[in-house]
Amino acid sequence: MTESATGEFLDVRRLLEQSEPRAPVRWFGYAAGFLLLMVVLGALGSGGGGALVQLVAMVGMAGLIVAMGVVTWSAARIMRAEQEQMQAVEELIQLRRWSEAGLMLDHMLSRPARSAVMRVQMLLCLAAVLGRYHRYGDAIAVYDHLLGLEFEDEQSVHGLRLGRAMSLLHDERLYDADRAINELRRGPGAGESGGLALVEIYRDVKTGHPEDAIATFGEKLAAMRKQLGQRVADAYGLVARAHDLLGQQAEAQQAYESATLLAPEAELSRRYGEVAALAGRYRAAEAPGEET
Amino acid sequence: MISAEAAIARLRRDLAVVLGLKLALVGVVVLAGAADLLLEQPVIRPSLALAAAGVVWIYLSYRSVAGTRLVAMSPALIASGRYEQAERQIEEALRTFSLFRIVKLRSVYHLAALRQAQGRFAEAAALCRAVLARPLRGAAELERSARLTLAGALLELEDARGAYEALLGLYRHRLPLGQALELLALQTDYLARIEAWEQMVEGLGRKVELTELMPAVAGMRTQALLGLAARKAGRPRWAEYLRRRVELLGEAQELIAWRGAIGQLWAG
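Chains as they are written, first to last, in this note's numbering: chain U, 1175 to 1466; chain Z, 461 to 728.
Since the hints were made in silico from the structure, they are not lab data.
Yeah, the Cβ is synthetic: ideal placement off N, Cα and C, and Gly gets one too.
Among the clues, some could well be false.
Stretch by stretch, here's where chain U covers chain Z in the computed footprint (C-beta under 8 Å, at least three residues) [unchecked claim]:
#1 515–524
#2 701–707
Coverage of chain U stretches by chain Z, computed from C-beta distances (three or more under 8 Å per stretch; other residues unrestricted) [stated by the list, open to error]:
#3 1234–1244
#4 1404–1416
#5 1431–1437
With a cut-off of at most 25 Å between alpha-carbon atoms, the simulated SDA-like pairs for lysine to any residue come out as follows [as the list claims (entries may be wrong)]:
#6 Lys1380/U / Lys482/Z
#7 Lys1400/U / Lys482/Z
#8 Lys667/Z / Glu1274/U
#9 Lys482/Z / Val1245/U
#10 Lys482/Z / Glu1274/U
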């Protein structure tokens, strides 16, 4: 899966250019102008110009009303189809069917988006898929583009910054990641952010500060549970690595077992190379068989 | 803050007004054509009457777009816990004229979803019923959402029978993943209330995988109920596995405060 019909698979620069929405056609103005024309024609026709002109005016006006109904219905249908496509992509990502999600996104972003909102949703999904393929540099480019759109909604901005900071860490751009995390800390609601806590734990594990990672985990576990749900497994996995770095094998085993109780070992290893290093050295939890 | 009764009364009135308006516009077009054919000198020039109808139609369509935009913004506000802002958007959407009945019905449904999130379950149920009482041709997604919210509200009101009837209507639909997960959570809750433990543990492995895709609280609660069912149905390894998971995801005391029976997962 390396090339689409138009070039490299998920070529970010190309997709960002091609997905820019076109300026909307102000059809209300055209409709009003056409209506005015029909009114004038009708007036001219009644002055002796003949029944034909009047008939044309009446048919034109009736046609305009019908056309507007058809255009509205058609636009709603196209919008619904696009929303269904978007929903399908989000489901594929949730179900971890990454290649199919990537193919759909490549296709959808290769043409102008109908609306800016739809485009933002697609780009968010694109960033997630790029992360899955470990194309962190490309994911950062998408996040930078989205942050450049200057959302008013603080929660959206916070989410984007978290994604960007995590991608910077994965991409080993530790200085930039540290700056991004400090910026997040200054933002509103930083103290209660479970996502920020996870990013900080990952940074501390990566930069060789396991005690800090463990301390953050203890302080922010409640917030992470509430906000991350099942993904709190990532925090447990990283803390297992932190304990391992400190030579605390019993604690590392307990944390690793907790992590693998919540998420498959293979998935945790794919997400974090630091956690992959623990596989085989610590025992993973196992789910019971269907019949037990 | 708009009450459920006021919102439902507003819905009925607005739908009647829109229907009357559409009939009046069609009537003008038909009468203008008939007058032109039958009368030598009609009182009002047919072309003018048609032009007036056209202008009114264009203007009302333009106004309706604003209502559509307002309605689209509420779900994100509710999901992020910004209830006051969502309330303001929904009230404005209810006040705004719209030619499209689905927009009005959707506004009322979003008010139901907001009341559900606020824990005002009786109002949520009344609003969902008002939406489901209307024909929802071409609005299958709205019907599904209303049924799910209604079932959730009725379960909180301890009306298991009503919740069952609301859920029944969903089985003829093909659900997107998000709604399928919501249905799984509601089904599990319902079956736990009627103590249908054997039914709950059918396909247990697959159900547990699906709970991992749910939002945090719903996933934890559903796994706790499945763990209880596993214990009751004599599947101790699953009960132990789910109990350990639930302990990692949240506080046992909060779960027991929500549903006392879950405490049996830790008994003995």
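We went through each hint and held it up to the structure:
1. Here the region 515–524 of chain Z counts 5 residues with a CB under 8 Å from a CB of chain U, which clears the bar of 3, and the coverage holds.
2. By the rule of at least three residues with a Cβ nearer than 8 Å to a Cβ of chain U, the coverage given for the region 701–707 of chain Z holds, with 3 such residues.
3. Interface restraint, the region 1234–1244 of chain U with chain Z: holds (5 residues with C-beta to C-beta distance below 8 Å; minimum three).
4. Look at the region 1404–1416 of chain U against chain Z: 3 of its residues bring a Cβ nearer than 8 Å to a Cβ of that chain, three or more, so the hint holds.
5. Counting residues of the region 1431–1437 of chain U whose CB lies closer than 8 Å to any CB of chain Z gives 4, so the stated coverage by that chain holds, three being the minimum.
6. With a C-alpha separation of about 65 Å, the suggested pair Lys1380/U and Lys482/Z falls outside the 25 Å cut-off, and the hint is violated.
7. Between Lys1400/U and Lys482/Z the CA atoms are separated by roughly 49 Å; this puts the pair beyond 25 Å, and the hint is violated.
8. Of the supplied pair hints, the one linking Lys667/Z and Glu1274/U holds, its CA atoms being roughly 23 Å apart against a limit of 25 Å.
9. For the suggested pair Lys482/Z and Val1245/U, the alpha carbons sit about 17 Å apart, so the restraint of at most 25 Å is met.
10. Proximity of Lys482/Z to Glu1274/U is assessed by CA-CA distance (about 45 Å); at most 25 Å being required, the pair is judged violated.
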